[in-house]
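With chain A's structure known, arrange chain B on it following the hints.
Here is how the chains run, residue by residue.
Protein chains: 2
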Amino acid sequence: MSVTNTRPSDHSSAQDFATVFARLKPHMAELDVFLRKQLAAFEPEIRDMADYCIDTSGKRIRPALVFLSGWQDDSAPLSDLVRVAAVVELVHLATLVHDDIMDEADLRRSKRTASREYGPEAAVLLGDALFAHALHLAAQFPTTEVCLAVSDSTRKVCAGEIVQTLRRGTINITREDYFRVIDLKTAELFRISCFLGSRLGGFPPVFVEDASRFGRHLGIAYQIYDDLADFFGKEKNIGKTLGTDLISGKVTLPLLVLMDRLPVEERAGLVEEILGRRAPDMSKRLLQMHETGVFAAVAGEVQAELVQAESALSTHIGLAPVPMLMQLCDTLRHQVGSLRAIPGV
Amino acid sequence: MSVTNTRPSDHSSAQDFATVFARLKPHMAELDVFLRKQLAAFEPEIRDMADYCIDTSGKRIRPALVFLSGWQDDSAPLSDLVRVAAVVELVHLATLVHDDIMDEADLRRSKRTASREYGPEAAVLLGDALFAHALHLAAQFPTTEVCLAVSDSTRKVCAGEIVQTLRRGTINITREDYFRVIDLKTAELFRISCFLGSRLGGFPPVFVEDASRFGRHLGIAYQIYDDLADFFGKEKNIGKTLGTDLISGKVTLPLLVLMDRLPVEERAGLVEEILGRRAPDMSKRLLQMHETGVFAAVAGEVQAELVQAESALSTHIGLAPVPMLMQLCDTLRHQVGSLRAIPGV
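As they're listed, the protein sequences go chains A and B.
The numbering used here applies: residue 1 is where the first sequence begins, and numbers increase by one.
The numbering used here applies: residue 1 is where the second sequence begins, and numbers increase by one.
Among the hints, erroneous ones may be present.
One copy or any two copies: either way a pair holds, since identical chains are not told apart in the list.
Stated by the list, open to error - Straight-line Cα separation of at most 25 Å, DMTMM-like style, residue types lysine to aspartate or glutamate; simulated pairs: (1) Lys59 / Glu301; (2) Lys156 / Glu43; (3) Lys234 / Asp281; (4) Lys59 / Asp152; (5) Lys156 / Glu45; (6) Lys111 / Asp48; (7) Lys284 / Asp260; (8) Lys156 / Glu145.
Hint data in this document are derived by calculation from the structure and do not stem from the laboratory.
Next comes chain A alone, as it looks inside the complex (with noise of 0.2 Å):
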């Protein structure tokens, strides 16, 4: 296709989590200093490679989520929260380089992707690498538990991705499916990156599961809004043509709404379209969606797994995470309003 392949997600700026971010700062500076140190354990020829993907890692919602959960006052991290933030970041790049090849993605975040600049081959091993060496810091943990819960996670988020790729082009998916896949391949890592910070912060058990609750339904919260953000966001801010979803075959939520609420002949040709028989019109639709009230419904779930989130956390109000991790929330439905209800205009 000719337009430019940009990977769906990151669609927000940075400035969008800046309230709770703000307080985060010093902590996001030493988990840099970390990351960068970390690139001396490279061989040269992959330092610049895992150097350039460090440099487009973007929001670094996870390590925010480790740092948050392990919460004490505003004092330096503890050195423990700066190692399995950088763990569950590089876990996180490691998929998004694997991504982008699957992807054929050009850019991310306006910047080429590995796979672009390096090509699909290197990529495939830069990925492996930045795995490995997220797994290795997870070793220098006194006890395997890091480790043990990184390599879990990891699994699940592969899995995830493999029933994602499996389904893409095809109709054989169901809200369940669709539900299944995001739990696997993005709430897995925000449900570890609150159960590790809370851990590794010295939360009492009962909040740490609380906390690795919470952290799930944010991500599938999270999720859910990026699907909607590519047919609802504008286009500046998301640097791409909206539906790239749609154009590559990717059945999410906004399109199994929209497929139950059409009649049955245009239901038949938006089938084609995602099945790549025929090229997607992608204004018509939009403005289906519109018209078929997809924005509400999707927007409503979001809403629902917020809640969920939310009440997760209801019993420790008086614990220093829970009013930042709480804000994280009010964000997410921000995002969510500052999408367009119209698509496309």
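Showing chain B alone in chain A's frame:
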């Protein structure tokens, strides 16, 4: 290219290692049961794919090194050894799955590669999932030692593969580069197999260190042999046309030696072939290898590494693992001897 592109490794039949491997039969059977049990841990969509890979795993040299390095007697293997054998084998399988994407290989041991069977996208993720599962098993040991060792080795294996990939189709490679690449991509997993086997087998640190050194040199020897077999193997044994390394622009030791020994004008022609500017004249190159004594030179390098491997164990003659490890060196010598000194005949 129209020839069937088959992975250049695994040239020998399983029988070649028969003498040593006969005693390992119960160990390999336990490993197989253990690996099959792991499949249950994968999401349903990946289970079949993972099963397919485990089926094609070949000779299981690395698990053999684990069992032999931790050898006490003919009784049932320690469960720790079975687990760690599974870890190194899964890491190896993950790298094969990713290698086959890179090489666009059709077949591995007469079976379609995972990349051909499921598509390169799914194969990227399948490799990731196998690797994540390996680390998950590694994290189940009581201490972080296995995780640390395995994640570090994997990083090195990836580094070796990256350097090799970046140099493919160029003549920008020295003898030192070649040895560095095979040290990273092959010898590292051989080394760690001996390290973990002897360590978990309860042997004293000085033996663990020497066994690791043995493994490293055996690995280097094995890779040089493998590269030699790509030109001097018997086609019926290796199940593919000779010279795939040259066809794919991979400069291995036989080619480095040939380049060194060819007169200037002939060398220029070979360089053109490596750079992919003209199709390799394989029978000519094979004949030149014969005339310039490439076989003897490269076989000499295998021999030199095997001598170093054996000398690493020379002060431990009384220990149970040593005679069997030594026998592996003789087996590899025998395999080199069974190649054709006159290539392609």
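Taking the hints in turn, this is what the structure says about them:
When the C-alpha separation of Lys59 and Glu301 is checked against a cutoff of 25 Å, the pair qualifies only within one copy, where the shortest distance is 23 Å, while the shortest distance between copies is 51 Å. In this homomeric assembly, Lys156 and Glu43 come within 25 Å of each other (Cα to Cα) only across copies, at 8 Å, whereas the closest approach inside a single copy is 29 Å. For a Cα distance limit of 25 Å, the shortest separation of Lys234 from Asp281 inside one copy, 18 Å, qualifies, whereas the shortest one across copies, 57 Å, does not. In the homo-oligomer, the alpha carbons of Lys59 and Asp152 lie at most 25 Å apart inside one protomer (24 Å), although the nearest pairing across protomers, at 28 Å, exceeds that limit.
Taking CA atoms no more than 25 Å apart as the test, Lys156 paired with Glu45 passes between copies only; the shortest distance there is 12 Å, against 30 Å inside one copy. For a Cα distance limit of 25 Å, the shortest separation of Lys111 from Asp48 inside one copy, 15 Å, qualifies, whereas the shortest one across copies, 37 Å, does not. Proximity of Lys284 to Asp260 under the C-alpha cut-off of 25 Å is restricted to the intra-copy arrangement: shortest distance 16 Å within a copy versus 65 Å between copies. Taking CA atoms no more than 25 Å apart as the test, Lys156 paired with Glu145 passes in both settings, with 17 Å inside one copy and 24 Å between copies.
Consistency with the previously given hints is maintained throughout, with no hint failing.
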